[in-house]
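S.K.: As given, the protein sequences belong to chains A and B, one line each in that order.
Every letter in the first sequence is one number past the one before it in this note's numbering, and letter 128, counting from 1, is 128.
Every letter in the second sequence is one number past the one before it in this note's numbering, and letter 35, counting from 1, is 35.
Among the hints, erroneous ones may be present.
Note that the list lumps identical chains together, so a pair holds whenever it fits in one copy or between two copies.
Heads up, simulated DMTMM-like pairs for lysine to aspartate or glutamate below, C-alpha to C-alpha not over 25 Å straight-line [as the list claims (entries may be wrong)]:
#1 Lys93 x Asp107
#2 Lys93 x Glu64
#3 Lys187 x Glu322
#4 Lys93 x Asp116
#5 Lys15 x Asp238
#6 Lys271 x Asp321
#7 Lys93 x Asp172
#8 Lys190 x Glu202
#9 Lys93 x Glu115
#10 Lys93 x Glu66
#11 Lys15 x Asp215
#12 Lys15 x Asp270
#13 Lys187 x Glu313
#14 Lys190 x Glu86
#15 Lys187 x Asp215
#16 Lys15 x Glu320
Treat the hints as calculated values from the structure; they're not laboratory data.
2 protein chains.
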Amino acid sequence: MHVAIIGAAGMLGRKLIGRIVADGAIAGHEIDRLTLLDVIAPEPLRGFAGQVDTRAADLSTPGEAEALVAARPDMIFHLAAIVSAEAELDFDKGYRINLDGTRFLFDAIRLASQEDGYRPRVIFASSIAVFGAPLPYPIPDDFHTTPLTSYGTQKAIGELLLSDYSRRGFFDGIGIRLPTVCIRPGKPNKAASGFFSNILREPLVGQEAVLPVPDTVRHWHVSPRSAVGFLLHAATLDVEGVGPRRNLSMPGLSATVGEQIEALRRVAGDKAVALIRREPDAMITRMCDGWAPGFEATRALALGFTAESSFDEIIRVHIEDELGGAL
Amino acid sequence: MHVAIIGAAGMLGRKLIGRIVADGAIAGHEIDRLTLLDVIAPEPLRGFAGQVDTRAADLSTPGEAEALVAARPDMIFHLAAIVSAEAELDFDKGYRINLDGTRFLFDAIRLASQEDGYRPRVIFASSIAVFGAPLPYPIPDDFHTTPLTSYGTQKAIGELLLSDYSRRGFFDGIGIRLPTVCIRPGKPNKAASGFFSNILREPLVGQEAVLPVPDTVRHWHVSPRSAVGFLLHAATLDVEGVGPRRNLSMPGLSATVGEQIEALRRVAGDKAVALIRREPDAMITRMCDGWAPGFEATRALALGFTAESSFDEIIRVHIEDELGGAL
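Start from the sequences, fold in the hints, and give me the full structure.
M.R.: Written out as structure tokens, the structure is:
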């Protein structure tokens with residue numbers, strides 16, 4: 001099977017590649033070819049016996065999507081996006097990459113489909129940013145998508161296109177609305193939501209972290225490992241069972257910041273918790289009010305998607321996957 | 001005030017123009033200039049003292065949206081669309097006119113807005129086709145949009161763009177999800193939903209009409225007069241009161257075909273009802289199952305949008321507006 005990953009150099013892309021290379025297969029289907037695409041050249045692959053093509057390309061450049069589709073990958077993971085803050089600052093870039101890029105990809109597949117009956121599985125990484133405040137808790141599967149960012153708008157449009165192109169039979173699309181990925185590996189970044197990961201990841205290795213919001217803030221989390229699990233489950237799911245509503249709010253863990261901190265205390269002790277420095281930030285706190293507190297995810301759970309059920313578990317996944325298994 | 005109407009040659013466009021010319025104003029704002037645009041040249045206007053520009057143009061042709069916006073209309077009604085059946089048959093045409101055309105318009109306004117602070121009111125005719133079965137009855141305001149046609153998909157994408165561009169301050173947009181317009185004037189057409197109007201309009205003038213579905217079919221209706229009322233109300237509504245969720249399910253009348261027929265009997269007698277010929281059509285009946293049975297329309301009602309409360313009233317509106325006031 002030939003698998004293409006768009007956005008291969010991003011955090012999720014790299015984790016997905018790692019898992020595919022380790023498994024050598026997706027749900028029993030052997031992978032003999034990988035096409036890895038990103039705006040910056042993805043890292044060379046080690047430990048994979050099959051054919052690997054890496055491309056530094058931007059899907060929104062005319063011709064790039066056609067070039068990708070020319071090799072007729074059986075499975076396409078579309079993870080590429082300009083993130084929320086950048087799409088908000090640079091209107092043109094956000095719409096170009098997140099909307100035009102996605103549409104170019106879908107249209108290239110459509111034309112190939114009309115040419116020779118090509119019909120790949122397309123897994124689209126959507127986001128809970130398609131929802132905008134005021135939001136109920138938990139958010140039901142049939143709640144309307146009224147995004148409050150251009151990024152969320154672009155993802156919601158991608159979802160609509162995915163469903164329509166799937167309904168018409170051009171490809172078999174599944175859109176998965178990812179919770180906030182926590183604990184995000186790497187260095188603290190300037191994303192407003194970065195603190196959710198920072199307050200766990202940094203203290204686990206003896207570093208200070210800043211908490212800008214009250215302990216009562218509730219949000220919707222999933223580990224990077226489970227996020228990759230969602231992508232792989234979506235890749236082999238029976239689409240007949242999904243029906244025409246192809247976009248699914250993923251399961252996750254709804255937790256308050258206070259609950260995150262207590263999990264940290266249970267796993268790493270008071271010393272770790274003492275490294276969290278409270279520096280209230282009114283702007284970030286206000287932004288949090290607009291973020292999703294949690295979802296029912298009834299359909300996704302029934303379809304077999306699974307996530308963590310405690311923050312202790314999320315922290316242990318991080319220790320296993322990022323810290324070599326021990327503190 | 002300068003008012004532009006895109007889709008001016010359509011049924012709703014012509015009705016809106018008639019009302020604007022008759023009133024000479026919208027909510028007390030005098031209209032001194034009209035720009036009428038459609039793919040076929042709109043009819044010349046009689047009885048309007050101000051300046052009139054008519055343009056035969058297609059918004060999806062590069063440059064046309066810019067040309068329209070160059071004159072900086074204060075208010076833009078965007079009613080143009082490839083209808084549902086045609087957008088389903090001709091994929092490219094539907095996406096070109098309904099999605100690209102709308103985006104070109106919004107982008108032309110955005111660029112003008114960035115140039116000189118231009119910020120018109122934009123009234124976007126959306127549709128209950130943004131919803132797809134299975135649907136609850138009544139459909140609440142916060143129900144998700146999962147269209148089952150390319151037309152509905154394109155309208156749902158237009159709604160998302162309208163909200164995002166409004167949020168960013170490029171224009172003040174209001175999207176109104178129109179119920180099925182009934183009694184639609186003119187001749188019977190081949191639209192699958194045409195019978196809702198045919199079974200009333202034809203018998204009212206002594207002609208036979210075909211009913212292809214059972215009397216129990218429930219649907220969501222509004223008179224052409226009220227649909228124009230929605231557009232005009234949206235044109236002068238306080239957008240601050242609407243907030244960031246700029247797309248509103250309009251009020252209407254939920255009625256079964258049987259209730260339509262009983263209203264016809266009350267207004268025009270048994271003789272009129274006898275002209276309805278039942279010719280069950282399994283395909284049309286199946287399609288009806290996917291159509292919206294009715295809405296709560298809580299927000300729209302609170303914002304002052306009003307519709308008919310009985311089918312007798314809808315029939316009387318038709319007699320007044322189309323048949324000179326008497327049978």
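S.K.: Next, verify each hint and record whether it holds.
M.R.: Now the hints, each set against the structure:
| no. | hint | in the structure |
| --- | --- | --- |
| 1 | Lys93 x Asp107 | both (20 Å within a copy, 14 Å between copies) |
| 2 | Lys93 x Glu64 | both (17 Å within a copy, 23 Å between copies) |
| 3 | Lys187 x Glu322 | within (12 Å within a copy, 70 Å between copies) |
| 4 | Lys93 x Asp116 | between (33 Å within a copy, 22 Å between copies) |
| 5 | Lys15 x Asp238 | within (24 Å within a copy, 48 Å between copies) |
| 6 | Lys271 x Asp321 | within (22 Å within a copy, 79 Å between copies) |
| 7 | Lys93 x Asp172 | between (28 Å within a copy, 23 Å between copies) |
| 8 | Lys190 x Glu202 | within (15 Å within a copy, 66 Å between copies) |
| 9 | Lys93 x Glu115 | between (31 Å within a copy, 19 Å between copies) |
| 10 | Lys93 x Glu66 | both (21 Å within a copy, 21 Å between copies) |
| 11 | Lys15 x Asp215 | neither (30 Å within a copy, 57 Å between copies) |
| 12 | Lys15 x Asp270 | neither (31 Å within a copy, 72 Å between copies) |
| 13 | Lys187 x Glu313 | within (21 Å within a copy, 66 Å between copies) |
| 14 | Lys190 x Glu86 | within (11 Å within a copy, 48 Å between copies) |
| 15 | Lys187 x Asp215 | within (22 Å within a copy, 65 Å between copies) |
| 16 | Lys15 x Glu320 | within (14 Å within a copy, 67 Å between copies) |
Going down the numbered hints, you'll see the structure goes against 11 and 12, while the others check out.
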